[in-house]
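Colleague: If you want the building blocks of each chain, they are given just below.
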Amino acid sequence: MSIVELQHVRKAYDTKIAVADLSFTIEPGSMFGLLGPNGSGKTSSIRMIIGITVPDSGTISLFGQPFHRSLLKRVGYLPEERGLYKKMKVMDQLTFLGQLHGLSATTASKRAHVWCEKLQITEAIHKKTEELSKGMQQKIQFISTLLHEPELIIMDEPFSGLDPVNAVLLMDTLVDLRKQGRTILFSTHRMDQVEKLCDNICLIHNSHLVLSGSMREIKSRYPVNRVLINFTGDDSFLNHSTIHSAKNYGGHAEIRLKEGADAQALLAAAIVKARVTRFEVMEPTLEEIFIEKVTETSQTPQSAGVHVNA
Amino acid sequence: MHNIWLIARREYLERIRTKAFLVATILIPLLMGGFVFGSGYLASRTKSSAHIVVVSSDANFAADLKHELLTGKSSSMTVDLLAPSTSNGDDTRATLDQNLTSKHGDLTGYLWITPPSQSNTRPAFTYVPRSAGDVTTEDDLSAAIKNVITREGLTRQGMGASDIDALMAPVVIDTSKTGDSRTAFGAAYLLFFLMYMVIMLYGMNTARSIIEEKTSRVFEVMLSTIKPDEMLAGKILGVGSVGLTQIAVWMLAAAALGATPFATNLIGGGHAPISATQIFFFVIYFIFGFLVYSSIAAALGAITNSEQELQQLNMFLVLPLAFCFLMIFVITRAPDSTLAQIVSLIPFCSPLLMNFRISLTTVPPWQIGLSFVLMSLTIVSILWVASRIYRVGILMYGKKPNLSELLRWLKYS
Chain A
0 MSIVELQHVR KAYDTKIAVA DLSFTIEPGS MFGLLGPNGS GKTSSIRMII
50 GITVPDSGTI SLFGQPFHRS LLKRVGYLPE ERGLYKKMKV MDQLTFLGQL
100 HGLSATTASK RAHVWCEKLQ ITEAIHKKTE ELSKGMQQKI QFISTLLHEP
150 ELIIMDEPFS GLDPVNAVLL MDTLVDLRKQ GRTILFSTHR MDQVEKLCDN
200 ICLIHNSHLV LSGSMREIKS RYPVNRVLIN FTGDDSFLNH STIHSAKNYG
250 GHAEIRLKEG ADAQALLAAA IVKARVTRFE VMEPTLEEIF IEKVTETSQT
300 PQSAGVHVNA
Chain B
0 MHNIWLIARR EYLERIRTKA FLVATILIPL LMGGFVFGSG YLASRTKSSA
50 HIVVVSSDAN FAADLKHELL TGKSSSMTVD LLAPSTSNGD DTRATLDQNL
100 TSKHGDLTGY LWITPPSQSN TRPAFTYVPR SAGDVTTEDD LSAAIKNVIT
150 REGLTRQGMG ASDIDALMAP VVIDTSKTGD SRTAFGAAYL LFFLMYMVIM
200 LYGMNTARSI IEEKTSRVFE VMLSTIKPDE MLAGKILGVG SVGLTQIAVW
250 MLAAAALGAT PFATNLIGGG HAPISATQIF FFVIYFIFGF LVYSSIAAAL
300 GAITNSEQEL QQLNMFLVLP LAFCFLMIFV ITRAPDSTLA QIVSLIPFCS
350 PLLMNFRISL TTVPPWQIGL SFVLMSLTIV SILWVASRIY RVGILMYGKK
400 PNLSELLRWL KYS
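Chains A and B, in that order, are what the protein sequence lines are.
Okay, so the first sequence: first residue is 0 according to numbering that gives the first Met the number 0, each after it adds one.
Okay, so the second sequence: first residue is 0 according to numbering that gives the first Met the number 0, each after it adds one.
Since the hints were derived computationally from the structure, they do not count as laboratory data.
Keep in mind that this is a model prediction, so the values were computed, not measured.
Worth double-checking, as some hints may not be accurate.
What the hints assert, rightly or not - Capping the alpha-carbon separation at 30 Å, the derived lysine-lysine pairs in DSS-like fashion look like this:
1. A:K88 - B:K213
2. B:K65 - A:K133
3. A:K86 - B:K213
4. A:K127 - A:K117
5. A:K246 - A:K257
6. A:K246 - A:K272
7. A:K127 - B:K213
8. A:K127 - B:K226
9. B:K18 - A:K85
10. A:K88 - A:K126
11. B:K65 - B:K145
12. A:K127 - B:K18
13. A:K117 - A:K178
14. A:K126 - B:K65
15. A:K117 - A:K88
16. A:K126 - B:K213
17. B:K226 - A:K72
18. A:K109 - B:K65
19. A:K85 - A:K127
20. B:K145 - A:K133
21. A:K86 - B:K18
22. A:K85 - B:K65
23. A:K15 - A:K292
24. B:K226 - A:K15
25. A:K195 - A:K272
26. A:K15 - B:K213
27. A:K72 - B:K18
28. B:K18 - A:K88
29. A:K178 - A:K127
30. A:K117 - A:K195
31. A:K117 - A:K86
32. B:K102 - A:K88
33. A:K85 - B:K226
34. A:K117 - A:K85
35. A:K195 - A:K127
36. B:K102 - A:K86
37. B:K145 - A:K85
Said to hold, decoys possible - Partial selection, computed: residues in chain B whose CB lies under 7 Å from chain A:
38. I148
39. T149
40. V217
All C-beta atoms in this analysis are idealised placements derived from N, C-alpha and C, irrespective of residue type, glycine included.
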């Protein structure tokens, strides 16, 4: 049984098509990344999954049943645009949101305290929300989606606007939750985050599905022809015959090898002239795959030159 | 139901705890009390204490006028009599004018009586006041002059002084059988305005509290757990209970104040001007009125995204109330006319007008019942429409919907 299943979902606002023919499934206990640049239809898709809007056509099922509001009790949702009652005290707020999810006031407040401790915001508990920093407010919202211990956690851009320390803290929390067997769906335009976290991804662009499947499987479709070199000294080895193209950032080079070329030959050439501190052979990054996919699916110049915020 | 209760409770507690609520609850009755008692006190004190000079060559007439002015029921005037010094009186006029223009002058004004050129016409009266705005003294003067002239005329017709007094005595109408209709009417008026004020105040509060979710972007979390109609219903109930609490506090304060000897002295005491039935219907119609207008406000809140946009639309809240206000005159004159019966059954008007009619006349029970049914239906249907607009409108923020879009939103599930 899949936790979430979308079949040929389509949604249009007036003349603008937000989501066109989107299908994917999310398996229990997996971390699923919904990827795409800004305005590609991620939020529209998520809003349909949790029933804020209704698809024009296609079907959505949760926990193996067709969508029904009662199923939302098992879902935790963090919207992209964060919102809390500004004048409310943090604990009142968390208790209230917990109660809306069907918890008793005591359970809600007990769990809220545990979470606040875990996310290091205990000192904020008795303050009003408007007095807190944006990062703190985001943590509170994060907690509010988890209080009722949902089986499915849906987060729209959960790490945007956070400093690296807090972003890592929340990522680690998500990884922990996944270990406990929860299913997590999150959207982001940051491809690097997805590479680390996700088992499965779905890449959308201009409201169309570009790529989907398991992270490992997608990567294995591509040849291992990327090389990262950190070096000091002479950079003339970058003209080596195995190299298809190279970007030199001065001491750090990203190289794409020619088809069938051997990376070892390049390494040998490099150590003759320069001092190599790092030499890594790898698959293309998700970002490179994305750009490649987008340019090959749409030949129109403006979408080919799409900018990915990475 | 549980969710509606949660929303309403949050709304209620958050609002009750604000300073604005405390201030309004305490200050408004203080101000109102101050206003009522203050104006009552002032009214009891504002007898005209003017100092007036009457200049007349007719000493008899002047003396009669002085007598009339001094015995007037609400007057404590000082009246001096003067005869013009010369035939045209220029000197006297000059002295009096000088007194009036001088800062230290003690005169409020002077009345100049020019004798008639022919014996059967009235004399001419000229009043020169210190301040042109002193209407009270002018009114007192004109009433007194009229009385004196009437008396003179009657005397000339050969009527005795006692007969004239009997004729000119004020008329008293005995209303003890129907109760004091003036106070009953006043009470109805008071209730009308109280309701009008509270509906305006809290109706707008409901609309604002619905916009709150949009401006703080909480609605997306809320809508992923509860239904929009639960949300709107909870909001209306929560804000409404705050209104009821406030009214209750005010009423209790008024009752407590009304029981003090000071108040009974001023009002006249002895009878309760607002009867228990009136209070009963007031409470019922207040609740219904509040719900009807809150649901309109909720719909306005659902359409708009910000306070500014709301301000532009609040005429939809004000217009029906203004209509009720106009109708109040029709109903006062003929509370049982067909027009009065019809308008008091319109759901937007029932809370104010049916309640008003009930306190003025005997309304058939079926009309009262029908007004309840109509109001309930209106509330439910407005809420139904509003929650649909809310749900769809919320996700299309940024631009204001036009009418055709609103209609299309209704079709969305």
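Colleague: May I ask which of the numbered hints given earlier this structure violates, with the numbers listed in increasing order?
Modeller: 2, 14, 18, 20, 22, 25, 27, 29, 32, 35, 36, 37, 38, 39
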